[in-house]
Structure formats: structure tokens, C-alpha cells
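Visitor: Chain by chain, the residues run as shown.
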Amino acid sequence: MAIEVRIPTILRNLTDGAKAVEGKGANLAELIGDLDARHPGLRDRLVDDKGLRRFVNVYLNDEDVRFLGGLDTEVSDGDTVTVLPAVAGG
Amino acid sequence: MRLMLTITQEIVDQITAHARADHPDEACGVVAGPIGSDRPERFVPMENAERSPTFYRFDSLEQLKVWREMDDRDEEPVVIYHSHTATEAYPSRTDVSYAAEPNAHYVLVSTREENETEFRSYRIVDGVITEEEVRIVGTYESV
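Sequences listed follow chains P and G, in order. All the letters of the first sequence, read from the start, carry residue numbers 1 to 90 under the working numbering. All the letters of the second sequence, read from the start, carry residue numbers 1 to 143 under the working numbering.
No lab work stands behind these hints: they were computed from the structure. Virtual Cβ for every residue (Gly too), placed ideally from N, Cα, C. Don't take each hint at face value.
[To be verified] Lysine to aspartate or glutamate pairs mimicking DMTMM-like chemistry, simulated, CA-CA at most 20 angstroms apart:
(1) G:Lys65 to P:Glu4
(2) P:Lys24 to P:Asp36
(3) P:Lys50 to P:Asp64
(4) P:Lys19 to G:Glu76
(5) G:Lys65 to G:Glu50
(6) P:Lys50 to P:Glu74
(7) G:Lys65 to P:Glu63
(8) G:Lys65 to P:Asp62
(9) P:Lys50 to P:Glu30
(10) P:Lys19 to P:Asp34
(11) P:Lys19 to G:Asp74
(12) P:Lys50 to P:Asp36
(13) P:Lys19 to G:Asp71
(14) P:Lys50 to P:Asp72
(15) P:Lys19 to G:Asp72
(16) P:Lys19 to P:Asp44
(17) G:Lys65 to G:Glu47
(18) G:Lys65 to P:Asp64
(19) P:Lys24 to P:Glu4
(20) P:Lys24 to P:Glu74
(21) P:Lys19 to P:Asp77
(22) P:Lys24 to P:Asp62
(23) P:Lys19 to P:Asp36
(24) P:Lys24 to P:Asp72
(25) P:Lys19 to P:Asp79
(26) P:Lys24 to P:Asp79
(27) P:Lys24 to P:Glu63
(28) P:Lys24 to P:Asp44
(29) P:Lys19 to G:Glu69
(30) G:Lys65 to P:Asp79
[Claimed, not checked] Examples of chain G residues toward chain P, derived with CB under 8 angstroms:
(31) Tyr56
(32) Arg57
(33) Ser60
(34) Leu61
(35) Trp67
(36) Asp95
This is chain G alone, in the form it adopts within the complex (with noise of 0.2 angstroms):
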């Protein structure tokens, strides 16, 4: 299997903006798609519990939340995002060691930056992190 993200830039911006709204601190969220269509549909921007520059944590009460919508529409969480914000876009051994959906594309964002953003997607098996090619298209359907 090729490892790969296709997103729209829509999506991308959205993840974007809300990593530069929240710098110092880093941002996370979600995006949801169909079981299994390994498409990022539906952007969840969530809150860092821990307001932190250096760490975060969904909060438990939201995630219960969004986790049970998803369940509902019979989505996934195909995109798990958040940033960084001082370092580069690559997961830390923290985020490694939560890493707990081996479906999911972990997208970093980095703000360190002012004028550039970084943005890379990977996959974190079991402690493994494989870093993958990330397509952005203006619409899955023309795919």
C-alpha cells in the first residue's frame, strides 16, 4: 500500500488557520470522514485542553462529543491533526507514544514560521512513524 493523504485545500486552510489562531499554543482537532473512505471531509476544530506551547490533549468531555457524531454519521476520525509551534512538523515522542489510531493520517502542522507553514501527514503503527506524501486537490471529486 502507498502511503498517502489526499486533502482538499479547503481543509488545509481551515487546519492552517485555526494552528496560526491558537500559536503560542499548540492547535488540534479532527477531521472526520465516511468509514473506510479514507476521505477527509468534515473539519472538527477541537480544544487544547492543556492551552499549552508545548503539549496537548483533547478535552475529554468534547471528544466524547464529537466521537459519538462521528459514531451517529457513520464517520472515522481520518485526520488527527495539531501543531507545533516551535519546533518542526515531525511527531515527538509524546505524540508517538498516544498514537493510538492506526487508520488515522497524523497531520503536523508547524507555526515556527511567521510567513511559512509546515504541513506533513503520517502514519504512527505500533511506534512506528511513517511519513507520507500529502495530495491537496480542490475537490475529491475530481479525483
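Chain P on its own, in the form it takes in the complex (with noise of 0.2 angstroms):
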């Protein structure tokens, strides 16, 4: 068991197109390291060195992580983590 990972069209360029994406880790932070690691550039499009992004949504299962924990949520196999880019202007 893994915890998937769902991917937006405008990042998929990291992922060979893959729509999802499996991965491992004990909170949110890990789980993106270790998608890094295989997908380089992921972490990047995804946090800054003030957590995530702005611009991107991060959900587990039915739950915005912002309401969570952010990046120290903790996941576990089963679960499913949904990236979506945030739609806002101005």
C-alpha cells in the first residue's frame, strides 16, 4: 500500500504526464520529499521556505491540508492526496 498522489495538468510535465503518482512518508513533508526524489522539481512547484504555495491546493482525502496541518499533516497508506492549483486573481 501506498498513499496516491494526484497530479494537475500544468505539472505533469514532471511526471511523465502521469495523472497519478504513488508515494510514501509519515506526514505531508515526507511524502513530498520522497516524490521528489522521483519526480525532481515536485517539491519546488509545491512549497517555498515559508510551507506551501500560494498558489497550489493540497487536500487529504476530502480536506484542505491548510485545515489540517499543512505540511506537517500526517498521511498513511489508503490515503489519497489531491494537488490542485489554486484559481484566484485579482
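From the two separate chains plus the hints, produce the assembled complex.
Guide: Here it is as C-alpha cells:
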């Protein structure tokens, strides 16, 4: 078992076009680190030195991780993480 | 490729009505269509989580729900629209910095004039804004 991570169109150039990839880790930061080892550049698109980038939404199952623990949110086998670009502007 | 948005009068009217209803706050939403069709068919007004006259953001949980629905129906966001309520219908710097759907038509409507709604469409790719022609039709079958 692993954690499924759903990747939006704009980031699929980093996953060889895959809509979903699998990874492991005890929390979201570890999971992103694990994915970045196989899909270099992915972490940089999701995280900056202040945490999750404001341009992306990351969900654990049905919850926005911003309302959980951000990068410290615990994840476990069988969970689904979904990444979507935030839709916003002025 | 010639850039153009082809859209029905009915959906133009729905977007315009949404923008008017939420004025002076910005209104936002998507029009979904079959993947690869470039045909905006299903009007989906969204909550502006910012409830602001100068900013908009899709509510993140509503966005997840709507994006899953599109996934299940083999659709994509063909149009992503929002309104400007005091300025012209042209993408702002913030609009450009957030634009993450290179295939989407970014529709801007301006409700700054009470009796006239500006309705314009753009592609925003890698930070570059390209305005495109908007062709309004009765139905897509007649195209």
C-alpha cells in the first residue's frame, strides 16, 4: 500500500504525464520529499521556505491540508492526496 | 492556431447575470466542457471565498468537489471567468500570476458601467496575456 497523489495538468510535465503517482511518508512534508526524489522539481512547485505555496491547494482525502496541519499533516497508506492549482486573482 | 472563444448566448447571459448579482464584489466560476472539445457547455458558478471587490479565490473545498465532478464526467474547465467591478475587463497582474490552466479561456467581465457589461476572453500562458476573439452563437450545433 502507498499514498496516491493526484497531479494537476500543469505539473504533469514532472511526472511523465501521469495523472497520479504513488509515494510514502509519515506526513505531507515527507511524502513530498519522497515524490521529489523520483520526480525532481515537484517539491519546488509545491513548497517554498514559508510552507505550502499559496498558488496550490493540497487536499488529504476530502480536506484542505491548510485546515489540518499543513506540511505536518499526517498521512498513511490508503490515503489520497490531491493537488490542484488555486484559482484566484484580482 | 487562431485564438477564439466560441460560446453560446445563454452561457454569456448566465456569466453576466452572476457578475451583476455579486456586484460590487467580484464573481467567479467555470464553464466545463468535454476534454479536448474546447466547447464550454456546463455553467458552474463558484463562491468567491474572498467576498471582495478587488480579489477572488475559489473556495478550496468547493473547487475540489467541482474538479472531481469534471473528472468523473471527462470534462475540463474550458472557461474560467471572473468579474472586475471597478476596472476594465483585462487581466490584472494577480490574475496572471495565478493563471495555471494553459488550455483555459480566461473570461473577464466588467460591471463598472451600470448598463453595459464588457465581456472579453484571454489565454494566459507562462505569464503572457493574449486576447482572443469572442464568437457568440445560438447553439454549438449550428457552428
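Visitor: Hints first: check each against the structure and report whether it holds.
Guide: To see whether the hints hold, each was checked on the structure:
no.: 1; hint: G:Lys65 to P:Glu4; verdict: 18 angstroms, holds
no.: 2; hint: P:Lys24 to P:Asp36; verdict: 11 angstroms, holds
no.: 3; hint: P:Lys50 to P:Asp64; verdict: 17 angstroms, holds
no.: 4; hint: P:Lys19 to G:Glu76; verdict: 14 angstroms, holds
no.: 5; hint: G:Lys65 to G:Glu50; verdict: 18 angstroms, holds
no.: 6; hint: P:Lys50 to P:Glu74; verdict: 19 angstroms, holds
no.: 7; hint: G:Lys65 to P:Glu63; verdict: 11 angstroms, holds
no.: 8; hint: G:Lys65 to P:Asp62; verdict: 9 angstroms, holds
no.: 9; hint: P:Lys50 to P:Glu30; verdict: 16 angstroms, holds
no.: 10; hint: P:Lys19 to P:Asp34; verdict: 17 angstroms, holds
no.: 11; hint: P:Lys19 to G:Asp74; verdict: 13 angstroms, holds
no.: 12; hint: P:Lys50 to P:Asp36; verdict: 18 angstroms, holds
no.: 13; hint: P:Lys19 to G:Asp71; verdict: 11 angstroms, holds
no.: 14; hint: P:Lys50 to P:Asp72; verdict: 13 angstroms, holds
no.: 15; hint: P:Lys19 to G:Asp72; verdict: 14 angstroms, holds
no.: 16; hint: P:Lys19 to P:Asp44; verdict: 18 angstroms, holds
no.: 17; hint: G:Lys65 to G:Glu47; verdict: 12 angstroms, holds
no.: 18; hint: G:Lys65 to P:Asp64; verdict: 12 angstroms, holds
no.: 19; hint: P:Lys24 to P:Glu4; verdict: 9 angstroms, holds
no.: 20; hint: P:Lys24 to P:Glu74; verdict: 11 angstroms, holds
no.: 21; hint: P:Lys19 to P:Asp77; verdict: 19 angstroms, holds
no.: 22; hint: P:Lys24 to P:Asp62; verdict: 19 angstroms, holds
no.: 23; hint: P:Lys19 to P:Asp36; verdict: 16 angstroms, holds
no.: 24; hint: P:Lys24 to P:Asp72; verdict: 14 angstroms, holds
no.: 25; hint: P:Lys19 to P:Asp79; verdict: 16 angstroms, holds
no.: 26; hint: P:Lys24 to P:Asp79; verdict: 10 angstroms, holds
no.: 27; hint: P:Lys24 to P:Glu63; verdict: 19 angstroms, holds
no.: 28; hint: P:Lys24 to P:Asp44; verdict: 18 angstroms, holds
no.: 29; hint: P:Lys19 to G:Glu69; verdict: 16 angstroms, holds
no.: 30; hint: G:Lys65 to P:Asp79; verdict: 17 angstroms, holds
no.: 31; hint: Tyr56; verdict: 6 angstroms, holds
no.: 32; hint: Arg57; verdict: 4 angstroms, holds
no.: 33; hint: Ser60; verdict: 5 angstroms, holds
no.: 34; hint: Leu61; verdict: 6 angstroms, holds
no.: 35; hint: Trp67; verdict: 6 angstroms, holds
no.: 36; hint: Asp95; verdict: 4 angstroms, holds
Of the numbered hints given earlier, the model fails none.
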